[in-house]
Amino acid sequence: QKEVEQDPGPLSVPERAIVSLNCTYSNSAFQYFMWYRQYSRKGPELLMYTYSSGNKEDGRFTAQVDKSSKYISLFIRDSQPSDSATYLCAMSANGAQKLVFGQGTRLTINP
Amino acid sequence: DGGITQSPKYLFRKEGQNVTLSCEQNLNHDAMYWYRQDPGQGLRLIYYSQIVNDFQKGDIAEGYSVSREKKESFPLTVTSAQKNPTAFYLCASSMVAGASYEQFFGPGTRLTVL
Chain C
1 QKEVEQDPGP LSVPERAIVS LNCTYSNSAF QYFMWYRQYS RKGPELLMYT YSSGNKEDGR
61 FTAQVDKSSK YISLFIRDSQ PSDSATYLCA MSANGAQKLV FGQGTRLTIN P
Chain B
1 DGGITQSPKY LFRKEGQNVT LSCEQNLNHD AMYWYRQDPG QGLRLIYYSQ IVNDFQKGDI
61 AEGYSVSREK KESFPLTVTS AQKNPTAFYL CASSMVAGAS YEQFFGPGTR LTVL
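Line order of the protein sequences matches chains C and B. Per my numbering, residue 1 is the first one in the first sequence, and the count goes up by one each step. Per my numbering, residue 1 is the first one in the second sequence, and the count goes up by one each step.
FYI, nobody ran anything at the bench for these hints, they're computed from the structure. Keep in mind that a hint or two might mislead.
Stated by the list, open to error - With a straight-line cut-off of 30 Å between C-alpha atoms, the simulated DSSO-like cross-links for lysine-lysine are:
#: 1; chain 1: B; residue 1: Lys9; chain 2: B; residue 2: Lys71
#: 2; chain 1: C; residue 1: Lys70; chain 2: B; residue 2: Lys57
#: 3; chain 1: B; residue 1: Lys83; chain 2: C; residue 2: Lys42
#: 4; chain 1: C; residue 1: Lys2; chain 2: C; residue 2: Lys42
#: 5; chain 1: B; residue 1: Lys57; chain 2: C; residue 2: Lys98
#: 6; chain 1: C; residue 1: Lys2; chain 2: B; residue 2: Lys70
#: 7; chain 1: B; residue 1: Lys57; chain 2: B; residue 2: Lys14
#: 8; chain 1: B; residue 1: Lys70; chain 2: C; residue 2: Lys98
#: 9; chain 1: C; residue 1: Lys56; chain 2: C; residue 2: Lys98
#: 10; chain 1: B; residue 1: Lys83; chain 2: C; residue 2: Lys98
#: 11; chain 1: C; residue 1: Lys98; chain 2: B; residue 2: Lys9
#: 12; chain 1: C; residue 1: Lys98; chain 2: B; residue 2: Lys71
#: 13; chain 1: B; residue 1: Lys14; chain 2: C; residue 2: Lys56
Okay, chain B solo, but in the shape it has when bound (with noise of 0.2 Å):
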């Protein structure tokens, strides 16, 4: 089946930690994102990617940091500066060719700082 997971499904983290959510895709698509969703605040772009080894910042990047190594994964760090983290993790990709705008999405990682 093809598809986007998101790893793992709940996350808890003590403050001053640094935390690793997995996304992986096998939809063939270029681009990749991050969005970080709030109640009553919709989503809110952190990073994406539209190539392999090349990531640019979204609205709200700071505390927060990418890697695009591989053409299937786009793995998002939470680090100590994100002062506020907690807060439920949803990554996306989509094509680039063919100018395709549609994004699907993963199920998500509800992330708690304790």
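Chain C with its partners taken away, still in its complex shape (with noise of 0.2 Å):
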């Protein structure tokens, strides 16, 4: 079993549909939580990052945690084609420089 679960897709979804973005995980001393956006043959961009658990809102994009659960989640309000692309989930626990990720969540958004 891997450490992060993350379903691959692909996902697509009509403009400003509502998006629900997921990964678990089973490593309970996960205390960092991050959400990557990657378009097509670029670098993953830092999109959100949330210390344990809680909500954390930027923009059209909310970033839930429950470690009670060992999930986090990445809603997108109002979602535009500009959007697609795969999103990454990854996570450290407190001390660890390495960050284990997510397979990533292809998602297109359709005009």
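Put the two chains together into one complex; each comes in its own frame, and the hints tell you how they fit.
This is the structure in structure tokens:
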């Protein structure tokens, strides 16, 4: 079993839909949770960063962490075609310099 | 502009040749990382370095080598011992002090073995 599981998709939704992307993990020591967005043939860019449990909102994006369920989510409101990309979750334990990445979910927003 | 640069963007190699991928950062980050990305497999850690003149193997270090002679630079050599080197290679960096765990990525180098 992988430490971090993420459905690779592909996921295709219409423009302006609410998108939910998820990751589950098995290591209870993870405290730092990140979401990266990666456009085709580009490097990943950091989208959201959350420490421990709770929600964090940034514009149309909301990141949620539920440590009791070992489950993290990224919600995209009013999705746009420019949101079409692969979304990678990543996480780390306190004191560890390595990130553990999910497989990535390929998302397409259709106009 | 602060950031991470990787060169070249595309690289072609004949079987049996060693090639070196460049990674430079001007973010004053202590730690640097090399990942390999294959379709449908996410990112896999090859090597990482938290300080100059020191580095550690990641999950798939076999067939690769690195050096960290300067804080700004972390080149990756793909040796002929790497049996399946065709992939997208990503370099990243992060701060160590202050327990910042966010990693910032370069644009990547796509290596193709002919």
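> Hint by hint, which ones does this structure get wrong, listed from lowest number up?
Replying inline: 6, 13
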